[in-house]
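K.L.:
Residue-level listing of the chains:
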Amino acid sequence: MTKPTRKFRYPTKDSAPVRIALTLAGVAYIALFLLTPLIAVFAEALRNGAAAFLAAITEKDALAAMWLTLTVAAIAVPLNTIFGLAAAWSVAKFDFWGKSVLITLIDLPFSVSPVISGLVYVLLFGAQGYLGPWLDELGIKVIFTVTGLVLATVFVTFPFVARELIPLMQEQGVAEEEAALSLGASGWQMFWRVTLPNVRWGLLYGILLCNARAMGEFGAVSVVSGHIRGLTNTMPLHVEILYNEYNFAAAFAVASILALLALVTLVLKSALEWRYGDEIAATHRH
Amino acid sequence: MTAVANSWRFKKPSVLPGFGLTLGFALFYLSVIVLIPLAALLLRPWELGVDGVFAAVTAPRVVAALQLSFGAALIASLINAVFGLIVAWMLVRYEFPGKRIIDALVDLPFALPTAVAGIALTTLYAPNGWIGQYLEPLGIKVAYTPLGVVFALTFIGLPFVVRSVQPVLADLEKEFEEAAASLGATRAQTFRRVIFPAVLPSWLTGVALAFARAVGEYGSVIFIAGNLPMVSEIAPLLIIIKLEQYDYAGAAAVGSAMLAISFLLLLAINMLQAWARAR
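Keeping their order, the protein sequence lines are chains L and R. Under our numbering, think of the first position of the first sequence as 1, with each following residue one higher. Under our numbering, think of the first position of the second sequence as 1, with each following residue one higher.
Calculated from the structure, these hints are not laboratory results. Since the structure is predicted, the reported quantities are computational estimates derived from the model, not experimental observations. Don't be surprised by glycine CBs; every beta carbon is placed ideally from N, CA and C. Relax, there's no trap hidden among the hints.
The calculated lysine to any residue pairs, modelled on SDA-like cross-linking and capped at a C-alpha distance of 20 Å, are: (1) R:Lys11 / L:Trp97; (2) R:Lys174 / L:Pro11; (3) R:Lys99 / L:Arg19.
Simulated restraints, written as ranges between beta carbons of each label pair: (4) L:Ala55 / R:Val82: 43 to 51 Å; (5) L:Pro17 / R:Pro127: 35 to 43 Å; (6) L:Thr71 / R:Ser31: 20 to 28 Å; (7) R:Glu175 / L:Trp188: 43 to 51 Å; (8) L:Arg200 / R:Gly49: 48 to 56 Å; (9) L:Gly139 / R:Val82: 54 to 62 Å; (10) R:Glu244 / L:Gly173: 47 to 55 Å; (11) R:Gln245 / L:Pro17: 52 to 60 Å; (12) R:Glu136 / L:Val264: 32 to 40 Å.
Extracted from the complex, chain L is given alone in its bound form:
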């Protein structure tokens, strides 16, 4: 009686059937939920041919929407970048009472519905808002203007830069800054020559994600925009209007520009993670 010999298998590796089954399940899930919608956007955009596609994205209201989206992002992203740097400097380099509460509050906008992010500004600045009538007398309008769009966008993209920089700067400690100061650097010299170069890739990573969300935000800006064509219509809102008018080809043409932006963001993000993974907090957090 010889014992049946079992083929040797690495104890830490899955058997082939398990591996194949799990890979198929995972790939099918990604294909079903991520790949098909992405393909659908581009296919629908080009359904009526390249000429119709070009006409849709160079139409007057579409161009105005693109310009507005760029404008809003160009204001909101730098504001949140300055906040992110200030918050990260105070939180990561100093120890003070109530620090963990502050970190939690910075993350708060991520757990708030985009619609609520817009709603809060209507409650403050709208016609029946707390400050609305008072601002109205001064001739200042916030809701249904670009100001409102910027505020709502700033709210939803609030944590991106700060939450990338805080863990990164905490990890780097204060030794290099202290050395710079002891060698006679001024505060600004220390910031520009030591702190900023140390966090540059992490900062860029945060700005990249912040910008993608700022350009693509829909719910929050939808509440404060008023959907005035050519004036307060950002690209995502323009997509909605075209879609609801059953102008599907034009809606998908504008949507494909946004999808292209998302793909560029993903490529840059992967490139940053691959090349500068050690200098980005997100890749070695948790």
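With chain L's structure known, arrange chain R on it following the hints.
P.N.:
Here is chain R on its own, set in the frame of chain L:
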């Protein structure tokens, strides 16, 4: 000396400059952008009176919308809990062609504007759509039903579980699995008793994040939902409808209720996580 060491200080001494300036600016900006507006949200409903607020959030249409938002978010985050774990496992442990592209693609829901995702999913799952036309004869309706809401919320929550579990799995020491195997554990036992407990906290975190994101989601849902009152109308949409009717207090009441329920659920999940870690 001891007196100094024991005395309470707001801030530990440091030679670095700029603390007052940066913390002051951060607190000012945080208050203006986030805290004061959110305070307005929590304050506004009370002009209806306590009974009015209660009536506003227990109206049948509001209850149905809240049930749909939280129920669909729960189902979507459970789907993501299972498949997110599989995808994370596959990306960390296996080698196959196209792996890096799939890895990068996982973040698509973070980068793709929600309105774009919404119209794309609707086109796919509408009764005459790419996938919908094959489901229609089977009697499965996705678009314009609560099932469509679940699909959109699954899309939105997909990266959270994967990205929470992936780094923990990657850092897991092989030695533990080898030890388990050398002590006679089967592969399934090793997974259940060694690997799973190690990734449990991050897995729960990912599921909680996906759930929190899905509850408030608006852009990807409204196109595919059909938005029938009492059937496929989500809570964020109801807020917008109330705003359009200039019912600011009612909108704020629904918004506050959503925030309160989310907060309680996240608190419960945090406690669950603390328990999982302590075990």
